[in-house]
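**Q** This is what each chain is made of:
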Amino acid sequence: MRRRWPTVIARTSVERVLAERGGLLVALGFYIVVVAVLAGLWRVAAAANGGSIAGYTAVALTWYIATSEASTVALNIRLIDDIGNDIGSGAVAVELLRPAPVLGVRVAAELGHALPRLAACGVAGAAVATISGGAPPRPAALLLAAPSLVLAVACNIVAQHAFAASAFWLRNAGSAWFLYQKLVFVLGGMLIPLEALPDWLGSVAAVLPFRSMSYAPARLASGHIEPLLLLEQVGWLAVLLLAASVAFSAGERRLQVVGG
Amino acid sequence: MAIEVRGLTKVFETGRRRARRRVEAVRDISFTVDPGERIAYIGPNGAGKSTSIKILTGILHPSRGEATVLGVVPWLDRRRLAMRIGTLFGQRSQLWFELTPRQSYRMLAAIYGLDRQHERARVSELADLLEAHDLFDVPVRSLSLGQRMRCELAACMLHEPEVLFLDEPTIGLDLLAKQRFRELLVRLNTERRTTIFLTSHDVADIEHVARRAIVINHGSVIHDAEVATMRGALLATKIVEVRLGEPIEAMVMDGVHVLEQSPTILKLVVDTGTTSIRVVLDALLDGASVVDISVVDPPLEQVIAEIYGLPRR
Amino acid sequence: MRGLLATMRNSLAEAGANRLALGSQMAVMAINDIVWAVFWVLFFDRVGTIRGWDADRILLLLAVITSAGGITLGLLANARRVGSMAVEGELDAVLSLPVAPLAYLLLRRVEPTNLGDIAFGLTLFVLAGSPTVGRAAIFVAVVAAAATLMTGFLVLTGSLAFFVGRSEGGELGFHAILLLGSYPVDVFAGVARVMLYTVVPAAFVSSVPARLIDSFDIGQAAVLAAVSVAFAFAGWATFTVGLRRYTSGAVWTRA
Chain W
158 MRRRWPTVIA
168 RTSVERVLAE
178 RGGLLVALGF
188 YIVVVAVLAG
198 LWRVAAAANG
208 GSIAGYTAVA
218 LTWYIATSEA
228 STVALNIRLI
238 DDIGNDIGSG
248 AVAVELLRPA
258 PVLGVRVAAE
268 LGHALPRLAA
278 CGVAGAAVAT
288 ISGGAPPRPA
298 ALLLAAPSLV
308 LAVACNIVAQ
318 HAFAASAFWL
328 RNAGSAWFLY
338 QKLVFVLGGM
348 LIPLEALPDW
358 LGSVAAVLPF
368 RSMSYAPARL
378 ASGHIEPLLL
388 LEQVGWLAVL
398 LLAASVAFSA
408 GERRLQVVGG
Chain A
937 MAIEVRGLTK
947 VFETGRRRAR
957 RRVEAVRDIS
967 FTVDPGERIA
977 YIGPNGAGKS
987 TSIKILTGIL
997 HPSRGEATVL
1007 GVVPWLDRRR
1017 LAMRIGTLFG
1027 QRSQLWFELT
1037 PRQSYRMLAA
1047 IYGLDRQHER
1057 ARVSELADLL
1067 EAHDLFDVPV
1077 RSLSLGQRMR
1087 CELAACMLHE
1097 PEVLFLDEPT
1107 IGLDLLAKQR
1117 FRELLVRLNT
1127 ERRTTIFLTS
1137 HDVADIEHVA
1147 RRAIVINHGS
1157 VIHDAEVATM
1167 RGALLATKIV
1177 EVRLGEPIEA
1187 MVMDGVHVLE
1197 QSPTILKLVV
1207 DTGTTSIRVV
1217 LDALLDGASV
1227 VDISVVDPPL
1237 EQVIAEIYGL
1247 PRR
Chain V
-7 MRGLLATMRN
3 SLAEAGANRL
13 ALGSQMAVMA
23 INDIVWAVFW
33 VLFFDRVGTI
43 RGWDADRILL
53 LLAVITSAGG
63 ITLGLLANAR
73 RVGSMAVEGE
83 LDAVLSLPVA
93 PLAYLLLRRV
103 EPTNLGDIAF
113 GLTLFVLAGS
123 PTVGRAAIFV
133 AVVAAAATLM
143 TGFLVLTGSL
153 AFFVGRSEGG
163 ELGFHAILLL
173 GSYPVDVFAG
183 VARVMLYTVV
193 PAAFVSSVPA
203 RLIDSFDIGQ
213 AAVLAAVSVA
223 FAFAGWATFT
233 VGLRRYTSGA
243 VWTRA
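Each protein sequence line maps, in turn, to chains W, A and V.
Taking the working numbering, I'd label the letters of the first sequence as residues 158 to 417.
Taking the working numbering, I'd label the letters of the second sequence as residues 937 to 1249.
Taking the working numbering, I'd label the letters of the third sequence as residues -7 to 247.
Just so you know, not all the hints are guaranteed correct.
[Stated by the list, open to error] Covered stretches of chain V (chain W as the covering partner; in silico rule of three or more C-beta atoms under 8 Å from a C-beta of chain W):
hint, region
1, 22 to 32
2, 78 to 90
3, 167 to 173
Note that these hints are calculated values from the structure, not bench results.
Where a beta carbon is used, it is the ideal one built from N, C-alpha and C, also for glycine.
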């Protein structure tokens, strides 16, 4: 019984998401428009630069953007706010009474919520990318990209929990969320392939966890078979889980000392 | 004539495609109101009260029929009418939540075209009338519901309207606040001849504010009479409550219906059209051991409930 | 008129009621916009000029759309809510007053968050727009036109809710024009490009104004003005006709 709670919760979340079909369609709609526009921008840029940017062809760029966007659209955009609010309102204090670890339960729930959306975005993204850019540059790489996307989403969820844990100390985690989102946009390679960043910024991005949340699956899907990226993601996931656990434990201790 | 309504009808279309339905919220209603009257427009939820008032204040266009308020057709001349009427919706606020009432009054005064001097005089006057001197400079979010309603009343009276429309104004107020509010309405009417048109499903509003009640149900007017005469004319019944010394056998008599019977209590409804009270009392005093007896009019709730059961006029 | 000014004054007062929240909300929005600027600078640093657009001109575009967007979404905050207000029956209060309903509605609410966009847009123009008296004058004029256009467009798409019974059209229109207006129109081609000059006039909200600041052309300026006025009028007309069908939440129009 102790080991089964993650799968049970994940499954319930999946059912819940399928019931929220309307919201899923809206998210998909956004995703498709954003990919069409942003990838179109990069293709125009590539054409004006002799056919490629930082080693990415127009087709590669299309698949890159389709994947990097999918890794974030699949998530609940209000996640940090929600976690922060739950901490601030004392709902987390109630969860501490349950037998399963708070962080584990929440991460499993969010992952369950995100996976169907990710799958939908994956299918839609592949369609949009093929239609607007062309066939995938290295179809074999997509086999690596799929699990990489799952790892990316997991890293993202855990990192957001780590950031949101600041709500145990601050009243409002909203500012933490904004900072986080912007970091993923730029340093995670979501809007721009990391190879296209100026050198100094690129080296900074290389040592941060954000590249595991967007860049890794996008790099793979754009036709570069680099399986070490998956290893890197697993590594960062472990580090982030540790960081989030520490933050939540410290927060729980604070709750007990200070009160809900 | 303050308000004149003839054959007013409003039909809503709801639902989509195959489930499309037509709902007649208001069906062929007619009545007139003279200046200075106090009218309660009552009916159960969904009867069409709010729809009627929204048509009379120009918010909704009717499907058929005519109406004028102060000689103006509300939905054709909404802005001109709005200068001469006041509206208070119990569930929507005129006052801005984060600001003080006085800040809202300043804005309303500008909208209604009152100059600063006039505005100041009116606000002071209303503070006196509504006993709200200490409320006007507190942010609305800090006021209790009762205090807020008094400030709302000031807001809709700022421009000295000739007719005041109120839609469920006492909803959510505690007993004391409701009483106070009703007294204020009556005072506004007696001191300034403001016509009061009040919708409610609270019977006490009728008893304490209105002189005349128009009863509406399923979109139609089913009764329109002075409150005083409603009880007498409509219900020829009395309720007889008896406390018994000893239990009695079942009481069977024409025109008498037993509401409640226990070894010590007997409660009867007597149809005085069929049997006179005198006969019933004689029978009781002769045939039962009576410790205490009372004869009362049926409560107004019952009168209204009975009215709701009447067919359309 | 006095009434409308008093309304605006109260809206600003209400928005400023919580100083601390106002400051932080504006800052958050400004950071959001700064990241966009960073993206564009990095992009053009790598990519160079494409189809007549370079880093300088894109920053002009960003300055225009954030300023105009800030005016529409910040100062006239109900513009994006016309649809939901119509469907939820929130127009009663507006219709109880002797005021022009659309004007009052638009001025009735100020959204503090988006005021940060205006601050950002103006600052960006001053810092990166090579402001001269001439360019500043054009900037003010095109921002006014873009804001008018955006407001008209939002009121138009929102007012469709009177006829359709659902407010999603308004929301969709809002997101479409903001998203598409954040990119230079020359990135698009074919049908999409035509749409951005007509049905969803995102080109006129940002790209055309940016071009006008760099190289003023009276013909283009006239077209911008005409399109702005046209959408403003269309929005007002649709709203006014739609009001007759307003059901005030007396009946739940959704299934």
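**Q** Which of the listed hints are not met by the structure?
**A** 2
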